[in-house]
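Number of protein chains: 2
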Amino acid sequence: MMIKRSEVEKYQKKTVEFLSQAGIVLTEEESRNIEIAEFGLGEVETQGLQLVTYINTDRYCAKELVLFARQTCPEHLHPPVNGEPGKMETFRCRWGKVWLYVEGEATEKIQAVLPRGSEEYYTVFHEIELNPGKQYTIPPNTRHWFQAGDEGAIVSEFSSTSRDEYDIFTDPRIERIPKIIEDTNS
Amino acid sequence: MMIKRSEVEKYQKKTVEFLSQAGIVLTEEESRNIEIAEFGLGEVETQGLQLVTYINTDRYCAKELVLFARQTCPEHLHPPVNGEPGKMETFRCRWGKVWLYVEGEATEKIQAVLPRGSEEYYTVFHEIELNPGKQYTIPPNTRHWFQAGDEGAIVSEFSSTSRDEYDIFTDPRIERIPKIIEDTNS
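Those sequence lines, one after another, are chains S and Y. Sequence positions in the first sequence follow our numbering and run 1 to 186. Sequence positions in the second sequence follow our numbering and run 1 to 186.
None of these hints come from the bench; they were simulated from the model. There's no promise every hint is true.
Each pair may be met inside one copy or between any two copies, as identical chains are not told apart.
As the list claims (entries may be wrong) - Straight line, CA to CA, 30 angstroms or less: simulated DSSO-like cross-link-like pairs of lysine-lysine:
id : residue 1 : residue 2
1  : Lys109    : Lys4
2  : Lys109    : Lys13
3  : Lys63     : Lys134
4  : Lys63     : Lys4
5  : Lys97     : Lys14
6  : Lys13     : Lys97
7  : Lys109    : Lys10
8  : Lys134    : Lys97
9  : Lys63     : Lys97
10 : Lys13     : Lys63
11 : Lys109    : Lys134
Please work from the sequences and hints to get the whole structure.
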């Protein structure tokens with residue numbers, strides 16, 4: 001599964017507009033480099049995520065995560081890498097609403113809707129609802145997934161160094177690093 | 001020099017309003033814990049800074065810095081601590097304008113105005129102007145100071161672990177950790 005260049009650009013534009021209405025400004029270069037994570041599943045509007053990486057050093061990382069309405073980031077964890085503990089991350093909701101699910105006692109009736117056809121790859125159901133100003137820190141090596149509410153969400157992620165290529169997803173079909181194919185004239 | 005509880009509360013309220021008009025929401029608890037850094041100089045509106053610490057772990061830190069019109073954070077650096085390199089920090093302007101000064105070739109005509117009576121404690125003059133969406137990363141152990149423009153500024157700070165008590169200020173009169181005195185009935 002892959003994503004077309006024209007689709008990437010469409011979602012990049014939508015992400016810039018989304019951030020803009022919340023008062024978050026990007027440079028031209030940042031706008032061009034917005035990452036559209038489609039996880040190799042070919043259904044980016046259901047299971048997908050838009051990311052702006054502000055800074056990623058060997059000591060810390062900061063990103064803006066954008067989720068459109070009911071978009072879901074699939075379940076994954078950040079394992080130890082080269083003897084360092086896995087990535088630790090703080091999610092701070094800036095706009096909209098997001099439901100975050102982590103390991104722990106399952107919430108009886110969760111508010112997110114599991115992506116159809118992928119239900120078996122969601123296994124942790126301890127729900128944390130994040131509204132603007134609310135934040136939660138996910139320990140290293142802990143399975144988690146999240147879904148935006150009906151209006152979408154903007155989440156600031158503060159974390160240790162990001163090494164996305166080591167992320168372990170519950171769904172074995174997922175490829176974290178996107179393959180973008182250039183549009184052909186047809 | 002110290003700051004009165006009633007003054008702290010006045011600046012905390014002003015900070016909440018400042019963030020609010022830029023669409024940045026705090027919890028009640030965060031609002032109560034806004035740090036008013038007055039540096040022991042007794043002139044917080046000239047040399048001072050308001051800080052919201054979202055998270056500070058042994059791996060990373062994230063804060064929102066608020067500067068009122070022309071307010072200045074005095075020159076300092078972050079030295080190595082316990083064998084670790086000093087704090088490294090990325091300043092991202094969210095709202096308003098801030099001039100950041102770091103080591104390096106001095107800018108011929110800087111836009112900031114040196115706080116009167118403290119001129120001798122400002123020694124680095126390489127100017128970086130940050131407007132919304134623009135950011136700059138300050139290496140560890142590097143002297144820097146910053147001043148907001150005429151409307152003030154909101155700056156997101158992404159960094160390695162924050163250990164403010166080790167900061168080294170150029171001005172020997174400065175005490176980083178504030179002493180707050182309770183108001184007495186009089």
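Please sort Lys63 with Lys4 into within, between, both or neither, judging by C-alpha distance up to 30 angstroms. within (24 angstroms within a copy, 37 angstroms between copies)
Pop the pair Lys97 and Lys14 into one bin, within, between, both or neither, using alpha-carbon distances up to 30 angstroms. both (18 angstroms within a copy, 27 angstroms between copies)
At most 30 angstroms between alpha carbons: which applies to Lys109 and Lys134, within, between, both or neither? Within one copy only: 21 angstroms inside, 43 angstroms across.
What label fits Lys109 with Lys4 when the C-alpha limit is 30 angstroms: within, between, both, or neither? neither (37 angstroms within a copy, 49 angstroms between copies)
Could you place Lys13 and Lys63 in one of the four classes (within, between, both, neither) given a Cα distance threshold of 30 angstroms? both (17 angstroms within a copy, 28 angstroms between copies)
Pop the pair Lys63 and Lys134 into one bin, within, between, both or neither, using alpha-carbon distances up to 30 angstroms. both (17 angstroms within a copy, 14 angstroms between copies)
Up to 30 angstroms between alpha-carbons, please classify Lys109 paired with Lys10: within, between, both or neither. neither (35 angstroms within a copy, 43 angstroms between copies)
Cα distance capped at 30 angstroms. Does Lys109 pair with Lys13 within a copy, between copies, both, or neither? neither (35 angstroms within a copy, 39 angstroms between copies)
Could you place Lys13 and Lys97 in one of the four classes (within, between, both, neither) given a Cα distance threshold of 30 angstroms? Both: 21 angstroms inside a chain and 26 angstroms across chains, each within 30 angstroms.
For Lys134 and Lys97, with the copy left unspecified, which applies at a CA distance of at most 30 angstroms: within, between, both, or neither? both (10 angstroms within a copy, 27 angstroms between copies)
Using 30 angstroms as the alpha-carbon threshold, which applies to Lys63 and Lys97: within, between, both, or neither? both (17 angstroms within a copy, 21 angstroms between copies)
In this structure, the earlier hints numbered 1, 2 and 7 are contradicted, and the remaining ones agree with it.
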